[in-house]
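Can you build the whole structure from these sequences, using the hints too?
Protein chains in written order, with my numbering: chain B, 157 to 297; chain D, 157 to 297; chain U, 157 to 297; chain C, 157 to 297.
Calculated directly from the structure, the hints in this document are not laboratory data.
Every value quoted in this text rests on a predicted model; they were computed, and no experiment measured them.
Residues from chain D shown here face chain C by an in silico Cβ test under 8 Å; the list is partial:
{"hint": "1", "residue": "Gly171"}
{"hint": "2", "residue": "Met173"}
{"hint": "3", "residue": "Ala175"}
{"hint": "4", "residue": "Gly177"}
{"hint": "5", "residue": "Asn180"}
{"hint": "6", "residue": "Thr182"}
Result set (DSS-like, lysine-lysine): computed pairs, CA atoms no more than 25 Å apart in a straight line:
{"hint": "7", "chain 1": "C", "residue 1": "Lys208", "chain 2": "D", "residue 2": "Lys208"}
{"hint": "8", "chain 1": "B", "residue 1": "Lys208", "chain 2": "U", "residue 2": "Lys208"}
{"hint": "9", "chain 1": "B", "residue 1": "Lys208", "chain 2": "B", "residue 2": "Lys274"}
{"hint": "10", "chain 1": "U", "residue 1": "Lys274", "chain 2": "D", "residue 2": "Lys252"}
{"hint": "11", "chain 1": "C", "residue 1": "Lys274", "chain 2": "B", "residue 2": "Lys252"}
{"hint": "12", "chain 1": "B", "residue 1": "Lys274", "chain 2": "C", "residue 2": "Lys252"}
{"hint": "13", "chain 1": "D", "residue 1": "Lys274", "chain 2": "U", "residue 2": "Lys252"}
{"hint": "14", "chain 1": "C", "residue 1": "Lys208", "chain 2": "C", "residue 2": "Lys274"}
Positions of the beta carbon are idealized from the N, C-alpha and C atoms, including for glycine.
Number of protein chains: 4
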Amino acid sequence: MESYPVQLEIPVAWGDMDAFGHVNNTVYLRWFESARIALFERIDIGATRPEKVGPILASTTCDYLTPVEYPATVVVGARMQRIGNTSFIIEHLATKHGAPVARGSAVVVLIDYETGEKVRVPDEMRSAIDSLGGAQATGPR
Amino acid sequence: MESYPVQLEIPVAWGDMDAFGHVNNTVYLRWFESARIALFERIDIGATRPEKVGPILASTTCDYLTPVEYPATVVVGARMQRIGNTSFIIEHLATKHGAPVARGSAVVVLIDYETGEKVRVPDEMRSAIDSLGGAQATGPR
Amino acid sequence: MESYPVQLEIPVAWGDMDAFGHVNNTVYLRWFESARIALFERIDIGATRPEKVGPILASTTCDYLTPVEYPATVVVGARMQRIGNTSFIIEHLATKHGAPVARGSAVVVLIDYETGEKVRVPDEMRSAIDSLGGAQATGPR
Amino acid sequence: MESYPVQLEIPVAWGDMDAFGHVNNTVYLRWFESARIALFERIDIGATRPEKVGPILASTTCDYLTPVEYPATVVVGARMQRIGNTSFIIEHLATKHGAPVARGSAVVVLIDYETGEKVRVPDEMRSAIDSLGGAQATGPR
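The structure is reproduced here in structure tokens:
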């Protein structure tokens, strides 16, 4: 988890569990979203409220490693895995007592909300990502 | 909030907001549920997993005092307002930076899950509630 | 349910159930919200997207009459119970196979989102409510 | 969508939208879960309530193709893509007015809940899957 510049501590709610008595699979995606938003705030990507240019989620993945039950607290991380021309790949990790309970990823595309066109990741955003650590800009995507 | 024996600190998730940009009304009920479950754990009411005798929710209320937006952390409290023969009334309070953002209540009935019959609140549970402070047993209900 | 001008048929999702194997209490509030929004659309209250003047939720109540389990379909109704100067009281009913499973209410205040001031319910909205049937304008609130 | 033996029609709730005014990414996973559970019911996999042997979710993916906004109704499908020794791969498709809005997948492992051991997919389940159409048993996994 040390390589994740964003780490959120999130208490598991009793109501996060489903009829199988485990935290429901959709809740992990909510955790990852929360960490991703926190990462976006760090690079000033305007992700919490609609703006002219902003991120749109293209895909998500989640590997469920260990069932989680209430009561628990998880630590959820986000880091940039890859920066393309107009998109990012973000990696997620959720841990409990330091042990991984889930891993995931998100592909995020930067778009102009008015035109719907993809937008090149601006240089200042790339610099902000660099200063976070843990990510390397690579080729076009 | 000092009179609430159970107080949970809950981070607001970005995804708790709805299309109006405020925390959705159902999320407050989730907060109250979390505090209620924590209260039940304190009095050993067997509320987190199905058991023979346990609580069933009869009604809830919520007064929305101030809209809440991400980012924020709320403190959510639960206390016993009244103990009847077979039921409790629980009061809830949610605050942000010490200011109330919502108040609510829940009526909880103790039942035998097998027979579906209401069950008298056992004496040991009444003692546990007394030791919490903040509640007074009153007449039948 | 006949007296409810808005009636939505909503399938219960397996994931609506919590660790007790019943539809979670917050889901009922989501059902009521859906019916309320549909009611607002009928009276052109601008409730689905932010506008200059719109509704804000002041309070909700819910009486849980019968536990609901997946699989099921519920019918959820909304009707105007009372129209005040600047607010409405809406009544909700949820049924399964025609039998009530929950009743609820919502107090909704009309506000100017820019100034935060309460706004008098406009005459055209009152007319729209009248034409819905099932509501009677009463004194100030 | 014709090749999906399970197809659910699900109304989009206003509250499914997040602060960007689109259906939140976690909601798609809830849709997929609902279709998956319906598929499990068709092959008698005991997925809605805890039993001795049952499915556990190992991973999910979702490609978000088109933002969805309220009001809308989606059709969500599930089909078996692959059956292994102890696991399935399920494919998901969500459409609106016949056009794809999201695709996804889920890897599901069959386990003995008491021992935690993986369990071979029983022959009767394989037969039930065959009779659904749209799936072909392949090599071990």
